[in-house]
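Asks: Please construct the entire structure, taking both the sequences and the accompanying hints into account.
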Amino acid sequence: MIGLHGRGGLFEFWSFRMLLASLVRRNLTLKYKRSLLGFVWTLMNPLLSMAVLVVVFSTIVRLPVERYWAFLLSGYFAWTFVIQMLSTGTYVFREHSGLRRSVAFPNDVLVYGAAGARLVEFLAELVLVVAVLAVFHHGELPASLLFLPALVALQVLLAVGIALPLATLSVSYNDVEHALPIVLSMLFYVSPVFYPASMVPPQLQALYFANPLAGLLTMYHAVLYEGIFPAPGLFALTAGLVAAITTLGYVIYHRQRALLPEIG
Amino acid sequence: MKRFIHYEQRAASLREVFIRKVLRRTVPSRRPSFWLRDFSLDVAPGEAVGLVGDNGSGKSTVLRLIAGVYTPTSGTIETRGRLAAVIELGVGFHPDLTGAENVEQYAAVMGLSRAELRERFDQIVEFSGIGEYVHEPVKYYSSGMHVRLAFSVAVAVQPSIFLVDETTAVGDQDFREQCITFIRQYVAGGGTLVAVSHDLPILRALCHRAVWLDGGETRMVGPVNEVLDAYEHARGPTAE
Numbered sequence: 001m002i003g004l005h006g007r008g009g010l011f012e013f014w015s016f017r018m019l020l021a022s023l024v025r026r027n028l029t030l031k032y033k034r035s036l037l038g039f040v041w042t043l044m045n046p047l048l049s050m051a052v053l054v055v056v057f058s059t060i061v062r063l064p065v066e067r068y069w070a071f072l073l074s075g076y077f078a079w080t081f082v083i084q085m086l087s088t089g090t091y092v093f094r095e096h097s098g099l100r101r102s103v104a105f106p107n108d109v110l111v112y113g114a115a116g117a118r119l120v121e122f123l124a125e126l127v128l129v130v131a132v133l134a135v136f137h138h139g140e141l142p143a144s145l146l147f148l149p150a151l152v153a154l155q156v157l158l159a160v161g162i163a164l165p166l167a168t169l170s171v172s173y174n175d176v177e178h179a180l181p182i183v184l185s186m187l188f189y190v191s192p193v194f195y196p197a198s199m200v201p202p203q204l205q206a207l208y209f210a211n212p213l214a215g216l217l218t219m220y221h222a223v224l225y226e227g228i229f230p231a232p233g234l235f236a237l238t239a240g241l242v243a244a245i246t247t248l249g250y251v252i253y254h255r256q257r258a259l260l261p262e263i264g
Numbered sequence: 001m002k003r004f005i006h007y008e009q010r011a012a013s014l015r016e017v018f019i020r021k022v023l024r025r026t027v028p029s030r031r032p033s034f035w036l037r038d039f040s041l042d043v044a045p046g047e048a049v050g051l052v053g054d055n056g057s058g059k060s061t062v063l064r065l066i067a068g069v070y071t072p073t074s075g076t077i078e079t080r081g082r083l084a085a086v087i088e089l090g091v092g093f094h095p096d097l098t099g100a101e102n103v104e105q106y107a108a109v110m111g112l113s114r115a116e117l118r119e120r121f122d123q124i125v126e127f128s129g130i131g132e133y134v135h136e137p138v139k140y141y142s143s144g145m146h147v148r149l150a151f152s153v154a155v156a157v158q159p160s161i162f163l164v165d166e167t168t169a170v171g172d173q174d175f176r177e178q179c180i181t182f183i184r185q186y187v188a189g190g191g192t193l194v195a196v197s198h199d200l201p202i203l204r205a206l207c208h209r210a211v212w213l214d215g216g217e218t219r220m221v222g223p224v225n226e227v228l229d230a231y232e233h234a235r236g237p238t239a240e
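Chains A and B, in that order, are what the protein sequence lines are. Read left to right, the first sequence gives residues 1 to 264 (this note's numbering). Read left to right, the second sequence gives residues 1 to 240 (this note's numbering).
By construction, these hints were calculated from the structure, which means they are not laboratory data. Since the structure is predicted, the reported quantities are computational estimates derived from the model, not experimental observations. Check each hint, because a few of them may be wrong.
To be verified - Partial selection, computed: residues in chain B whose CB lies under 10 Å from chain A:
(1) Ala-84
(2) Ile-87
(3) Glu-88
(4) Asp-96
(5) Asn-102
We treat Cβ as the ideally placed atom computed from N, Cα and C, and that holds for glycine.
Replies: Below you can see the structure in the form of structure tokens.
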């Protein structure tokens with residue numbers, strides 16, 4: 001056997017899986033260590049932001065959306081998952097630079113480890129969201145919930161597919177870290193976070209859904225808020241976009257990965 | 001050969017990329033670039049090789065190349081068997097995690113399975129001599145304790161190739177002796193060692209051969225005493 005060289009697929013699959021599991025545990029341990037309220041804090045931030053949005057868009061700027069809070073709730077956690085992963089991407093390699101410079105291992109596992117830990121939290125959030133919507137909005141569990149696993153998978157792929165090249169580029173360029181908050185605040189307005197995509201004028205729809213987040217969040221609205229299965233066309237389009245982005249992201253990482261440890 | 005493209009040459013900001021790619025002009029770099037040139041070394045199982053040279057001569061670069069952390073610009077590196085390296089102090093331990101939690105993480109990166117770790121955990125704690133502190137956050141550790149823990153995990157990997165960089169220097173006398181005893185047994189048992197140290201007496205005691213690096217070039221390779229004598233002689237009588 002040729003040793004644990006980080007140059008290719010030589011790092012065996014099982015080692016990779018173990019390292020991934022260990023990173024997920026580590027990230028969760030770190031986050032909830034010495035924090036009495038733990039998960040409450042994780043929920044608090046999005047809940048407070050949502051409370052503000054609910055007040056603004058159902059009493060001041062009145063959006064024609066019935067039970068606005070339920071609409072907002074159905075997509076908001078997926079939105080925060082994606083943007084938090086992108087921010088994580090800008091520092092995750094730097095955070096582990098000591099480890100990356102002393103042991104050869106596939107560095108991309110750090111991004112997956114961050115995503116895995118975030119996914120555990122997201123699934124807990126999702127259970128709460130489904131429960132709240134079932135009790136106070138639908139009065140039942142709609143069949144459309146069966147579609148959730150596909151949406152979660154798409155969401156994780158999208159988040160990782162962007163976070164990985166961001167992580168790669170932010171090792172060389174500090175600009176990534178500076179530019180991301182600006183991009184994210186723009187993304188907030190061009191994605192259906194606080195308004196439904198159906199409000200976008202028809203002539204702009206094609207352009208609008210070129211943003212895979214638009215498709216993803218709209219499908220969450222369909223499944224969780226409307227209780228219907230998403231349009232197959234929209235699913236196909238979004239899945240295609242996510243596949244393209246993830247492939248591109250991996251290629252960017254793959255081309256740079258040999259140089260990553262020496263840059264820092 | 002290992003040539004480092006300088007961070008500066010790689011462009012630290014988009015402004016520099018713009019200047020380079022769009023205006024097709026070079027961004028002047030005042031920093032020198034470091035090359036490790038014409039390096040060649042064969043280490044047999046059961047052999048211990050020491051790397052000596054002044055700061056910045058390329059010793060750690062060689063270790064990182066062997067460890068697979070760096071990729072050579074040209075040439076090849078071949079290793080057989082499990083490899084363990086203690087290259088950077090603290091090896092990326094997280095200050096808020098306990099010793100035990102960091103051990104788990106580090107072991108996983110080194111490719112130790114959970115079953116193997118469970119089996120060897122007590123042994124790691126014992127070798128480190130850290131005792132009950134292993135359940136305390138690493139931020140309360142002294143630098144010596146950091147090294148003890150990192151070294152102990154590397155030992156627990158039971159590597160066929162062991163790369164050590166300078167670390168024993170931070171440990172106290174007891175730990176140094178313990179490490180030296182371990183390395184002696186390890187090499188006698190057929191293990192391969194590549195060690196970097198400025199502690200020449202230790203290298204003399206542990207290594208069969210030595211390589212003297214100077215500014216990225218190999219000045220001398222040979223039996224440990226010959227190389228170290230030449231190195232000491234070149235550095236003048238005040239050295240060591």
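Asks: If any of the earlier hints don't hold here, list their numbers in rising order.
Replies: No numbers; nothing is violated.
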